[in-house]
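Undergrad: Sequence:
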Amino acid sequence: MGDSYSATSGHTATTAVNRPTIDTTQATQEKLESPQDPTRLQSMTSTNEKRLHSLEIPLDNVRSPPSPAVGINPALFRKQTSLDLDDYFTGPRDIQKHSKWPLMMQMHGSIMPKLIIPLVAIAAWSTAITVIDKRVHTLNVDSVLLTILGFVVGLSLSFRSSTAYERYAEGRRYWGTLTLASQTMGRVIWIHGKDVPDQDPRETILKKIGAMNLVVAFSVALKHALRFEPYSAYPDMEHLIGHLNTFAKEATAADPDCISLKKKNVFKAVGEYLGVSFAQSNPRKALKKTDKPLGNLPLEILNHLAITIDRMVASGQLDVPMQQTLAYNQLLAMNDCMTGCDRVLNTPLPIAYTIAISQITFIYVFVLPFQLVDKLEWITIPATIVAAYIIFGLLFIGQEIENPFGQDVNDLPLEVYCEQIAADLDVIASHDKREPDTFLLSHNSMPLYPVSTASPNAWMKRSDEKLRQAIKEKPNTMFEWRKEIARKKQSGKKLGTNDMQDGDHNV
Numbered sequence: 389m390g391d392s393y394s395a396t397s398g399h400t401a402t403t404a405v406n407r408p409t410i411d412t413t414q415a416t417q418e419k420l421e422s423p424q425d426p427t428r429l430q431s432m433t434s435t436n437e438k439r440l441h442s443l444e445i446p447l448d449n450v451r452s453p454p455s456p457a458v459g460i461n462p463a464l465f466r467k468q469t470s471l472d473l474d475d476y477f478t479g480p481r482d483i484q485k486h487s488k489w490p491l492m493m494q495m496h497g498s499i500m501p502k503l504i505i506p507l508v509a510i511a512a513w514s515t516a517i518t519v520i521d522k523r524v525h526t527l528n529v530d531s532v533l534l535t536i537l538g539f540v541v542g543l544s545l546s547f548r549s550s551t552a553y554e555r556y557a558e559g560r561r562y563w564g565t566l567t568l569a570s571q572t573m574g575r576v577i578w579i580h581g582k583d584v585p586d587q588d589p590r591e592t593i594l595k596k597i598g599a600m601n602l603v604v605a606f607s608v609a610l611k612h613a614l615r616f617e618p619y620s621a622y623p624d625m626e627h628l629i630g631h632l633n634t635f636a637k638e639a640t641a642a643d644p645d646c647i648s649l650k651k652k653n654v655f656k657a658v659g660e661y662l663g664v665s666f667a668q669s670n671p672r673k674a675l676k677k678t679d680k681p682l683g684n685l686p687l688e689i690l691n692h693l694a695i696t697i698d699r700m701v702a703s704g705q706l707d708v709p710m711q712q713t714l715a716y717n718q719l720l721a722m723n724d725c726m727t728g729c730d731r732v733l734n735t736p737l738p739i740a741y742t743i744a745i746s747q748i749t750f751i752y753v754f755v756l757p758f759q760l761v762d763k764l765e766w767i768t769i770p771a772t773i774v775a776a777y778i779i780f781g782l783l784f785i786g787q788e789i790e791n792p793f794g795q796d797v798n799d800l801p802l803e804v805y806c807e808q809i810a811a812d813l814d815v816i817a818s819h820d821k822r823e824p825d826t827f828l829l830s831h832n833s834m835p836l837y838p839v840s841t842a843s844p845n846a847w848m849k850r851s852d853e854k855l856r857q858a859i860k861e862k863p864n865t866m867f868e869w870r871k872e873i874a875r876k877k878q879s880g881k882k883l884g885t886n887d888m889q890d891g892d893h894n895v
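If you're matching positions, the sequence shown starts at 389 in this note's numbering and goes up one per residue.
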């Protein structure tokens, strides 16, 4: 449609435009016959040397969409709704999935797996204390200690939970700001950016698409940086930045196996599910193993984007001062999101607080059976387990959401945010900005509804006095129209666009 070349975009999402589809069967067969190493990163030369890391799709493999009459299994286009074991206990949680189980019975997203070992230990401890108290020697103490320690533990857990959620909410605000800045930047580039005189329109379109790909690449690179994944050959990012000269690209070329995932043994996998600290890997391991400087990939992408905006301003594509200010403000907003997320990631709660709160909580729970056994007797065992579940649950939730950018089930779904940014920019790029009259004066529009259902063509045949009179009467008509809608809602009648189409209201 028009000058929209969204099919050339490197975005991951699709939009409702006329795009060619790829013969995936043939492409898959070619991939099986001649596999390519995604880490072989080569710079493009002036002779347009073929990039080994990019997605090469021959034009012969591009064809029109198949007819609906062709037998296609609709189930192929359905989104998977089931979860395997690994996805069930690792995240982030897919917020688009819906569970019909009551919240109190749901396990996906629950902190329960990480509480199994502490609860088993507490059960054994409370059982031992109760048996010794009843069979050997009295171990109960005055319950006044329960009140004093309970107040301290409650205050500590409240502080831990509030600070953790504040960091979680702050991380979400930064990604919301990044989404807004990306949409605005894409609109400035695609809509406000003018065509360059004496330049091939295809070149202008491809440059704009390349600039919008940089916006998407920034969000994807920021996601990987926040998860301590500093390289450039990740599947969702390589096609966006493989042609850029970055430190991450050089580091990836020096270590082709840097992004390969080692298979976890049984102890490590089960230990991570259960929250065993001895089984958890150092998330910064990739940063420590590298022999090359990694740079700051999101910042480098932002530099490329800034150069692109400078070129658009210098070439006259952004000749309105307000548009220039808007573009540079979005660069600043994206940089602010990057530094803000980095601050949330690298400024956790001071370790002294973390250790003290954890110690206070465990001491309170382990002392609990001594204070309950005198009055509850054998009920001390289940009572201690229930109390431990509540107290440890609040403690572990705070520990899990303190870093909202990780891979836990309750962390922020950064993949969804990146896909949304890519989809939004594809939608912007699918819009043909050349002919605004096609929608401003469309014969299907009703500019003065509900005063009149006439189209712009009908109004062009009337005098300007009638047009001004209709505009003047619109507030009163809108007031009556809303009253009519409210009356029909109360009476239970079905609403429709014909509710007020009883002529042109004497206009």
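I should point out that these hints are in silico values taken from the structure, not numbers from a laboratory.
A few of these clues could be false.
Between beta-carbon pairs, the in silico distance windows are [what the hints assert, rightly or not]: (1) Y553 with E868: 46 to 52 Å; (2) Q484 with Y553: 18 to 24 Å; (3) M495 with K821: 35 to 41 Å; (4) M495 with I536: 31 to 37 Å.
Okay, derived cross-link-like pairs now, DSBU-like style, lysine-lysine, Cα gap no bigger than 35 Å in a straight line [claimed, not checked]: (5) K877 with K862; (6) K871 with K860; (7) K849 with K860; (8) K821 with K854; (9) K860 with K876; (10) K522 with K488; (11) K876 with K582; (12) K876 with K854; (13) K854 with K877; (14) K522 with K485; (15) K862 with K876; (16) K862 with K849; (17) K849 with K595; (18) K821 with K876; (19) K595 with K488; (20) K877 with K582.
C-beta: ideal position from N, C-alpha, C; glycine also.
Undergrad: Evaluate each hint against the coordinates.
TA: Here's how the hints hold up against the structure:
1. Distance hint check for Y553 and E868: the Cβ-Cβ separation is about 48 Å, which falls inside the suggested range of 46 to 52 Å.
2. Evaluation of the 18 to 24 Å hint for Q484 and Y553 yields a pass: the beta carbon distance comes to about 23 Å.
3. At roughly 49 Å, the beta-carbon separation of M495 and K821 lies outside the given 35 to 41 Å, and the hint is violated.
4. Against the hinted window of 31 to 37 Å, the Cβ-Cβ separation of M495 and I536 comes to about 35 Å, which satisfies the hint.
5. Distance check on the hinted pair: K877 and K862 sit about 22 Å apart at the alpha-carbon level, within 35 Å; holds.
6. With a CA separation close to 19 Å, the supplied pair K871 and K860 stays within the 35 Å bound.
7. Straight-line distance between C-alpha atoms of K849 and K860 comes to about 19 Å, which keeps the hinted pair within the 35 Å bound.
8. Distance hint between K821 and K854 is fulfilled; the C-alpha atoms sit about 31 Å from each other, no more than 35 Å.
9. A hinted pair counts as satisfied when its Cα atoms are at most 35 Å apart, and K860 with K876 qualifies at roughly 26 Å.
10. Restraint check for K522 and K488: not satisfied, since their Cα atoms lie roughly 45 Å apart, outside the 35 Å limit.
11. Between the alpha carbons of K876 and K582 the distance comes to roughly 48 Å, so the proposed pair goes past 35 Å and is violated.
12. As the CA atoms of K876 and K854 are separated by approximately 30 Å, the hinted pair is consistent with the 35 Å bound.
13. Between K854 and K877, the direct Cα distance comes to roughly 32 Å. Compliance with the 35 Å bound is thereby established for this hinted pair.
14. Our distance criterion of 35 Å between C-alpha atoms is broken by K522 and K485, whose separation comes to about 50 Å.
15. With a C-alpha separation of about 21 Å, the suggested pairing of K862 with K876 holds against the 35 Å cut-off.
16. The straight-line distance between the Cα atoms of K862 and K849 is roughly 20 Å, inside the 35 Å bound, and the hint therefore holds.
17. Between K849 and K595 the CA atoms are separated by roughly 43 Å; this puts the pair beyond 35 Å, and the hint is violated.
18. The hinted pair formed by K821 and K876 fails the criterion: a straight-line CA distance of about 40 Å is larger than 35 Å.
19. Of the pairs offered as hints, the one joining K595 and K488 is violated, with about 47 Å between alpha carbons and a cut-off of 35 Å exceeded.
20. For the hint pairing K877 with K582, the CA-to-CA distance comes to about 48 Å; that exceeds 35 Å, so the pair is violated.
Hints 3, 10, 11, 14, 17, 18, 19, 20 from the list above are not met by this structure, while the remaining hints are.
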